[in-house]
Every structure is written in structure tokens, then in C-alpha cells.
Amino acid sequence: MHWLNWVIIVGYLTYVVTDGVRRAKGTNKIEGYFLANRSLPWWAVGLSVMATQLSAVTMIGTTGQGATDGLRFIQFYFGLPLAMVIVGVTLMPLLRGAKVFTAYEFLERRFDAKTRSLTSFLFLASRGMSVGAILAAPAVVFSAIFGWNLALSVTIIGIPAIIYTMIGGVQAVTWADVKQMVLIVGALAAVVVVLLLKLPVSPDDALRIAGATGRLEVFDFTFDVNETYTFWSGVIGGTFLMLSYFGTDQSQVQRHLTARSTDEARSSLLMSAYWKIPLQALVLLVGVLVFVYYLFQAPPLLFNPAHERAVQDARGSAYGELQLRHDAAFAAREAAARTAADARTRGNDAAQAVAMQQFVAREGEVETIRDEALTMAESVTGESPRDVNYIIPRFVLHELPLGFAGIFIAAVMAAAMSSIAAELNSLSTATVIDFYRRWVRPEASDAHYLIVSKGATAFWGLFACIVATFAATLGSLIEVVNRFGSFFYGSILGVFLLAMVPGARAIGAFVGLIAGMGVVAVVTFGAPSVSFLWHNVIGAVTVVVVGVVLSRVTPSQTSPRAEGAQP
Amino acid sequence: MPNREPPTAGAGRFRRTLVLVMAVQVVTLLLLWLLQARYGS
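In order, the protein sequence lines correspond to chains D and S.
Mapping of the first sequence onto my numbering: residues 1 to 567, in sequence order.
Mapping of the second sequence onto my numbering: residues 1 to 41, in sequence order.
Looking at chain D on its own, in the form it has when it is part of the complex:
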């Protein structure tokens, strides 16, 4: 990569860290460190919320998904706007009104200490591992592309985020997120402009060609609980998932708690409600346009350069043969695409239809050869051959003009760091508030808690780095942890929903939580084809039903404090 790109990346990383450290001024109490003294404007909180969700996986994985699978992934977010509105009028005012540091702290006031501790522990267990996975995704890609050691990639992305989060707390996280969000959107927009300028066909033709391969199919109205990307899974399952994420996950709740007022917190939520789907459409559209670009510019047979090298070394002859077949299939596909575009320019609809059919057939041939190459890569490397995450980085490094690659790589790092920083900050908050201050040292000075909080941030940051460094060998473990996370996500939402039911009691909440996770586990193992989006619905409904029934049938032993805390 050109030195100018490196200068941009190093300059950006230096700026993020120094600005984060500068934000540490005035953060000498835990209210300031964890909640910015509840003083942040809605737009900063809103951008921070969006930046936290927009991880490096979105920048490289979702764009890659757009290139291979098109726009249908966007249905996943169809439940988000409604969920934001519901959170804004139910859970969020409740948590803000309770003046809590963590969402789980509220559960002790409403129910009991064990419900709080269990939910907080579940959050720590799943988020602790997932932050490692968030860090690992771009680190693995950078390692393959730049030939770096994985530990070096993890260090370059992880350490700056740990430093500014540890020193500056939530203020540093939020204001870094604001800048990172601007960088991310700017980089995506720049890629779209460059793509449109470099494409040899008009945007209209580019979309027609992409559409012929099914990549512009957005809606699937099939009602099938086994499918994640359908309209109904998105609207129903997605609403429950987003309710759980934005309403009960500490990494998101903590953002809302930093806003100046409930109205400002609500406005920050609505920013996501307005912009999430259009932004996600932009991300996927970048991928679709990259697909079209590679119809006219020969793509590599394998996008993962590490796999490409390995296959060339191990099976040079067979791979060379495959490459020749790929080159021929690519040329035929390109010719068909150009013929289709030319026919449309001439206004010859019949010729265009025939050319489009030929193009789709040639596209199928290219895909078949790609599949053979991926199978070869799997047998040589023993790793998953899926190279979706490498499509955009490869395009950026080889096709973008000087400087743009540096901006895009910096934006990927920004996306990773903004997600990691928010997670670390929330992990530290839950550790200190829900466990250390609750069970170990209930009475201590703010200075003491501040030191412990910074230590907790550093601990979780290093933990994430270790998980990310061993991500390749921990692959199956991370999958287990993610599956473990889907067991309780909906169930935790169920506990918070139960908290809003008059008369619901601690016994119902705790047993309901266990029952919800149990039912989801049974569904997961008994009917593994059911999409994880529906696990959230099943878990939440089970907790509410079991919780309400138990609260009614068991003798009342509720303390006055718990009764008094009812919303």
C-alpha cells in the first residue's frame, strides 16, 4: 500500500487516542466516567448509538454480503424503527427515571438481587466474548491482506480503543464515535462515487444487470420461521431483537443514560429509527456496485490473498487450470453484460432480453468455477473458504485512487474501535456497578471506584485482545458463545417487559428467566433450523407468561421496596 495511505491511517489512530485522552479532563467521578454526568446532546448520543452498531463487520462483511447476496439482508432491520419507538416510550424513561448506572441495577430495585446479578453476568459473559469476535473480524482480514501477524493486527486496532476508553470513559467513547461515524459515512459515500465514475455502464444499466442476478430483490414475504431474511422474520423477530438490544443491553442503554434529558435520549433513539435502514441500504448497495464493477474488471478467483497463495503453492497446476477456465468464463460474462447494456442503449428490448438471459447463464458458470476454487482452498488450508469479508478490502486496495484506500481502512478501524470502545465501557460499568460496588466494596470513594473502573476497562480490553488473537483456534468456542447469547437475549427482554406488568414479582422474574432460556435451548437443539430471530420472541413470551403465572399463584413475599419500585 502507498505510504500516503499509511500516513492517513497512522494520523487517524494518533488523533483518536490524543482526543480521547483530552476528553478525560473533568472525568473524576464515576457519574462522569460512566454517564458523562448525563449531559450529552441528543445528536452526539444518536451518532454514538449508530456508530456502536456499525462495526467493522458491517464495513467489510455486510458490503461483501451485498456483493454476493444483494439487498435482501436489509429485511433484518425492518423491526428496528418500531422497536426504537417502543423503547423510547417504555424502557428508556423507566431506566432514566430510576437514575441507574446499569439496566440490571433497575432489576434489583424492581425484583431482587439475584435477578440483577444473573442478567448482568449473562451480559458480561456474552459481551466479553463477542467484543473479542468484533476485534477478530477485521484483524483476521488485515492479517491476510497485509501479511501481518494476527497479534499485530489485534494490537493495532485494539490498543488505541482500550487507551482512550480507559482514560476518557464514556465521554471519550461518545465523541470519538461522532467523528468515527462521519468518517465511516464519508468513506462509504466516497466509494459509491468512485464506483459510479469507474463503471463503464450507466448507473441505470448497472442496476439492471445487478437486478438480473437477483441482487436487487429486497422483499421476501414468505412466512417461514426457518428463514432469517424475510419480511416477517424482520418485522416480528427483528422487533423483539432490537427491543432487547436497545432496551436492555448495557452497551446501548448506557448511551441513552448519558443524554441530558429523556426527551433528548428519545431523540437520539429516533435518529437510528430514521437512518438505520437507509444507511444499511447504502452499505449493501456499495457491495452490489462492487459486484457490477467486477463484471467489467477481472476479479481474483479467490478474494482471500492468504488462501490464494496457499492454493497456488500446494496445487499450482490444478489452480492454474481453474484460473484459465475462470478467465474464459469472465470474458464471456463481460461480453454478455456489455451486449445487454448496448441493446438497451439502442432501445432494442428483444435483444436486451436475450443478452440478459445469456449474461445470467454466464454468471452461473463463473460462480460454478468459483465454487470449485473455494472447495480447493478449503481442502488445502483446512479453513472455511468463505471469502465474503475480503471482497471490499481487496477492491479498496487495488481499485481506489491514492488516499482513498487509507481513508477506507481508517474507516474500518474506526468502525471496529467505536464498537469495541462502547462494549468495553459497558463491560466495565456492569463489572464495577453490578458486582464490585454491589458485592465487594459497597462503600468507597469515587476516586477508588474510578481506579477500579479503569482497571476493569483494561482487563476487558486485554481479554478481548486475547480472544481475538486466538480467534482462529477459538472459532468453534466463539460460535458456542454466540449461540449461548441467543439463548438469553429474548429472555432478558422478557424480564424487563415483566417489570412493567403490575403485580409481577421477583420469583416470577427469576424462574421466568430460567424458563425462557430453557425453552430457547430446547428449540435451538430440538429445531435447529428455526431462525435465531424467533428465539427472541420465544424467550421473551415465555418469561412474561411464566413470570405472570408464577407471580399470581405463589404466596406474596414481596418487600415494600420492590412493590414501591413498580413503574
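No lab work stands behind these hints, which were simulated from the structure alone.
Keep in mind that a hint or two might mislead.
[Claimed, not checked] The calculated label-pair distances, taken between Cβ atoms and stated as ranges, are:
hint, chain 1, residue 1, chain 2, residue 2, range
1, S, V27, D, D220, 15 to 25 Å
2, D, A447, S, M22, 45 to 55 Å
3, D, R346, S, V27, 33 to 43 Å
4, S, V27, D, Q323, 42 to 52 Å
5, S, A37, D, A350, 18 to 28 Å
6, S, A37, D, A189, 23 to 33 Å
7, S, A37, D, T345, 20 to 30 Å
[Said to hold, decoys possible] If you want a taste of the chain D side facing chain S, the calculated C-beta under 7 Å gives, among others:
hint, residue
8, R208
9, E217
10, A273
11, Y274
As the structure is a prediction and not an experimental result, all values here were calculated from the model.
Glycine included, C-beta positions come from ideal geometry on N, C-alpha and C.
Model the placement of chain S on the given structure of chain D, informed by the hints.
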């Protein structure tokens, strides 16, 4: 009992916000549907 912040936005304001958010979503979904209808296979 936790101190709930006094509601500065009334039910009317919420209804307006809800209608606005949903209207934006309908327009977004309509645009996506038009994209699919015009260019889809």
C-alpha cells in the same frame, strides 16, 4: 420508588413522532420496493 422524569412531551407529541417515524419508514420501504420492481429479476 424511582423518580421518573416528568413527561415534557405529551401523548400528542409522541403520536406525531410515531406517525413521522412510520411515514419515513413507509417511504423508505416504498423506494426499496420500487427499486425491486424496476430492476429486480
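Starting from the hint 33 to 43 Å, judge whether the C-beta atoms of D:R346 and S:V27 obey it. Roughly 35 Å apart at Cβ, these two residues keep to the hinted range, so it holds.
Given a hinted range of 23 to 33 Å, is it respected by the beta-carbon distance of S:A37 and D:A189? For D:A189 against S:A37, whose Cβ atoms are near 26 Å apart, the range 23 to 33 Å holds.
Is the hint on D:R208 kept, meaning its closest Cβ partner in chain S is under 7 Å away? holds, 6 Å
Is the gap between the beta carbons of S:V27 and D:D220 within 15 to 25 Å? This hint holds: roughly 21 Å between Cβ atoms.
Is 45 to 55 Å a correct range for the gap between the Cβ atoms of D:A447 and S:M22? holds, 48 Å
Cβ-Cβ distance between S:A37 and D:T345: within 20 to 30 Å? Check passed, 22 Å falls within 20 to 30 Å.
May I ask you to test the interface hint for D:Y274 with respect to chain S, counting a Cβ-Cβ separation under 7 Å as satisfied? holds, 6 Å
Can the suggested window of 18 to 28 Å be confirmed for the beta-carbon pair S:A37 and D:A350? Holds, since S:A37 and D:A350 (Cβ atoms, about 21 Å apart) stay within the stated range.
Could you see if the CB distance from S:V27 to D:Q323 stays within 42 to 52 Å? At roughly 46 Å between Cβ atoms, D:Q323 and S:V27 fall inside 42 to 52 Å, so the hint holds.
Measuring from the C-beta of D:A273 to each C-beta in chain S, is the shortest one below 7 Å? holds, 5 Å
Min Cβ distance, D:E217 to chain S: is it shorter than 7 Å? This hint holds: D:E217 lies near chain S, its Cβ roughly 5 Å from the closest one there, short of 7 Å.
Checked against the numbered hints above, the structure violates none of them.
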